[in-house]
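Keeping the supplied structure of chain A fixed, place chain B upon it in accordance with the hints.
Chains as they are written, first to last, in our numbering: chain A, 1 to 115; chain B, 116 to 224.
Errors might be hidden in some of the hints.
Below 27 Å or equal to it, Euclidean Cα-Cα: the simulated BS3-like pairs (lysine-lysine) are [claimed, not checked]: (1) A:Lys65 to B:Lys211; (2) A:Lys18 to A:Lys71; (3) A:Lys57 to B:Lys211; (4) A:Lys18 to A:Lys57; (5) B:Lys196 to A:Lys71; (6) A:Lys18 to A:Lys65; (7) A:Lys65 to B:Lys216; (8) B:Lys216 to A:Lys57.
Covered stretches of chain B, as calculated for chain A (at least 3 residues, CB under 8 Å) [stated by the list, open to error]: (9) 144 to 154; (10) 160 to 173; (11) 210 to 224.
Source of the hints: derived by calculation from the structure; they are not laboratory data.
Ideal placement from N, C-alpha and C gives every residue a C-beta, glycine not left out.
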Amino acid sequence: EAQVTQNPRYLITVTGKKLTVTCSQNMNHEYMSWYRQDPGLGLRQIYYSMNVEVTDKGDVPEGYKVSRKEKRNFPLILESPSPNQTSLYFCASSSLRPLLLGEQYFGPGTRLTVT
Amino acid sequence: GQSLEQPSEVTAVEGAIVQINCTYQTSGFYGLSWYQQHDGGAPTFLSYNGLDGLEETGRFSSFLSRSDSYGYLLLQELQMKDSASYFCAGMNRDDKIIFGKGTRLHILP
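Same shape as in the complex, but just chain A (with noise of 0.2 Å):
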């Protein structure tokens, strides 16, 4: 079955102390992102990524981090958590042909509070 997907599905954790969250894909995705959603803001983006080793920013990605080393994964890594990354995540991968390109797969989501 084609899928997403991301662990842990919910973390309480506290300022300061490192965490990553996990994300794989099993249809050989080029294009890989993470969003965050907050309420009244929709989907942000905050980090993509074109293929292995090729990584960029979106939107917000002030206090993040990842990388690509494997075409199936995608960590998100936050160094040093603050109550302001209280949020939904969700990880997404898609093809980078063109027909496809529009088409992104979404993992659960994690549900992460900073206290």
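Just chain B, lined up with the frame of chain A:
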């Protein structure tokens, strides 16, 4: 910066047709996508317009006009299960993906 504008809420009656509009301020999107999100769930892909015109997928259709910087999602034969939020999104020339803030669709029986 680039943005996509859509109404925050729309209300329609079960069995009816509803159109959700999406306008964008600047050109330069490769196309326009639409996603559905139920409360507590992840966004799911509905439709993508890579070219101008109409795309039809079952009860859902989507339209794009690049010259008007405008697109819409059309939902026909509305069912109660269509109550959800709907987002338009586009990839810009910097390969970033921008989402609209979403339209909450309320369906009345």
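The hints, checked one at a time:
no., hint, in the structure
1, A:Lys65 to B:Lys211, "16 Å, holds"
2, A:Lys18 to A:Lys71, "24 Å, holds"
3, A:Lys57 to B:Lys211, "8 Å, holds"
4, A:Lys18 to A:Lys57, "20 Å, holds"
5, B:Lys196 to A:Lys71, "35 Å, violated"
6, A:Lys18 to A:Lys65, "11 Å, holds"
7, A:Lys65 to B:Lys216, "24 Å, holds"
8, B:Lys216 to A:Lys57, "20 Å, holds"
9, 144 to 154, "holds (count 5)"
10, 160 to 173, "holds (count 4)"
11, 210 to 224, "holds (count 8)"
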